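Protein sequences, first through last, are from chains A and B. Okay, so the first sequence: first residue is 1007 according to this note's numbering, each after it adds one. Okay, so the second sequence: first residue is 1007 according to this note's numbering, each after it adds one.
Keep in mind the hints are simulated off the structure, nothing from the lab. Some clues are possibly wrong.
A pair counts as met if it fits within one copy or between any two copies, since identical chains are not told apart.
To be verified - 27 Å max Cα-Cα, derived DSSO-like pairs, lysine-lysine:
1) Lys1124 with Lys1265
2) Lys1265 with Lys1049
3) Lys1049 with Lys1172
4) Lys1265 with Lys1276
5) Lys1276 with Lys1311
6) Lys1049 with Lys1186
7) Lys1049 with Lys1194
Nothing here was measured: the structure is a model prediction, and the numbers come from that model.
Each chain, written out:
2 protein chains.
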Amino acid sequence: MPGNKKQNAGDHKTGLDLGQYLQQVCRLVDRGLDRLLPRATAKPPTIHRAMRYSLYAGGKRMRPALCLAAAEACGGARQDALHAACAVECIHTYSLIHDDLPAMDNDDFRRGKPTNHKVFGEGIAILAGDALLTAAFAILAQAPATARYSTRELVQELAQASGSQKLIAGQVADLEAEGKSIPLAQLKYIHECKTSALLCCAVRLGGMSANCTPAQLQALTDFGYNVGLAFQIIDDILDVTQTSEQLGKTAGKDVAARKATYPAMVGLPKSQAIARQLTDRAFAALRQFKGQAAALEAMATYLLKRDK
Amino acid sequence: MPGNKKQNAGDHKTGLDLGQYLQQVCRLVDRGLDRLLPRATAKPPTIHRAMRYSLYAGGKRMRPALCLAAAEACGGARQDALHAACAVECIHTYSLIHDDLPAMDNDDFRRGKPTNHKVFGEGIAILAGDALLTAAFAILAQAPATARYSTRELVQELAQASGSQKLIAGQVADLEAEGKSIPLAQLKYIHECKTSALLCCAVRLGGMSANCTPAQLQALTDFGYNVGLAFQIIDDILDVTQTSEQLGKTAGKDVAARKATYPAMVGLPKSQAIARQLTDRAFAALRQFKGQAAALEAMATYLLKRDK
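Based on the sequences and whatever the hints tell you, model everything.
Here it is, written out as structure tokens:
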């Protein structure tokens, strides 16, 4: 498994330059979102400016990248999964806007910039979230269907992953856990809902957009679930090991809010070991693709080694 | 056109008993929502209780009724449009929960009961709205497709009507108009977005669920647009002519908030005349259905004559 430095310079085993790959994906997704959403000047401009403010606030486009990479791993072209990738990014962005609200996590900064409600006010921020959530389905409904997967299945996939028993369930359980002592199983449930569900959905939608086989879909599910859980545990770890400056958002918030986290519950070394173990399982799932999943592999490595 | 009393006793011209019809629709939609949404006890129960609290808070099910009636006017069965009707009711309910929030209209009561955030807190109320919005698409994606209309078209229809250029645009423009003097054209735009768009979508989805012809779809569009605008103007009128007790919600709020309304802008008699004119246009659109649109006709009459 190559380290961060080697990756940035190009992964010699597969010939993939992850930095370049992510740049290409960002450009593709930025343009896709620009084309698929109403213009910033569309009436009423306030809401469209607010939607775009958070969409273009420096997100790493990790979910869209995983979505497009999954399509490629299944033999498809990136373009096949662009609608799905943009839809997932709209859901992710809406969930951040709503999570940052004073009634939720009450965050003033996100990725080093003022949060949506600090710029546009709470009312517009709630509506911008609603609008991005709605736009996700408008965009996904435009995705080309494939022989194995219909629009119906794509829409249900996204609705389930972002619904009251997954993404939203995670935020509810998170709110309810604040300041309380919860068992590790409940923390795992929160992480699965808040992070794994949508990451898993991103790679599944990518595969479905490329007309993947049922076996490929299962492999992507295993991959997405494990990477998602690892990703969130690393988020917990970074909150205690990094400064606000390094993260581009308030560090140490979890500790300050006495939030349940893996490091707080099982300690740092064990948390890191669990994250590595989950990533190993994710890599094992990629064997299904017989070397065609270079981008997914590089991204899983990157997500485990990231420092912000 | 029969008066309210005659309608309740049965419309002799068509044999339709509107009271009975609405009761049947309510039962059908109540059961449909119960079946199509996660159980109240599903994990985490808080969010599912909050969703159901507002869904079953005594709404008149006017949009679902219009949706099912539109399907029948096009020769379909009520059952054909049940998914669409339930999806529209989820959207309507989510928009009420979010509109009632302190950051928006700050309403403590709705239909005589405490609003969602008064019962569950702001965080859960925001998430319950998000969950209902998401559930609307999960439900609609399960609707049976027809020869003329695919799942894709149904989803796009709902996403457009409830998106940033219609339903959400209305709430944004409404927020921005508060305490300001706006021209009548802007007030009409707000009403079109806030009310007409979703009512129009309800009847269009009903027609589409019954595989309506393009001519029928156009007639339903004209009908829905005009009834929706009339409905909202009557809401404005009732706010100044009725007491809180009669309405089951705070009366006189528009005046207190110095909100732009038709009565405030053009006076009561002219507002009533405009509402009547819009309803006449709605009736004219129904000629297309050659007497098969008894329920739509009865409902339009009812909406114009209602006193709460």
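A quick look at each hint next to the structure:
1. Proximity of lysine 1124 to lysine 1265 under the C-alpha cut-off of 27 Å is found in both arrangements, the shortest distances being 23 Å within a copy and 25 Å between copies.
2. When the C-alpha separation of lysine 1265 and lysine 1049 is checked against a cutoff of 27 Å, the pair qualifies only between copies, where the shortest distance is 20 Å, while the shortest distance within a copy is 41 Å.
3. In this homomeric assembly, lysine 1049 and lysine 1172 come within 27 Å of each other (Cα to Cα) only across copies, at 9 Å, whereas the closest approach inside a single copy is 33 Å.
4. For a Cα distance limit of 27 Å, the shortest separation of lysine 1265 from lysine 1276 inside one copy, 18 Å, qualifies, whereas the shortest one across copies, 58 Å, does not.
5. Only within a single protomer do lysine 1276 and lysine 1311 lie at most 27 Å apart by alpha-carbon distance; the minimum there is 16 Å, versus 68 Å between protomers.
6. In this assembly of identical chains, the alpha carbons of lysine 1049 and lysine 1186 lie at most 27 Å apart only when taken from different copies (18 Å versus 44 Å within one copy).
7. For the identical chains of this complex, lysine 1049 and lysine 1194 are inter-copy neighbours only, at 14 Å across copies versus 43 Å inside a copy, given an alpha-carbon limit of 27 Å.
Every hint, counting from the list given before, is met by this structure.
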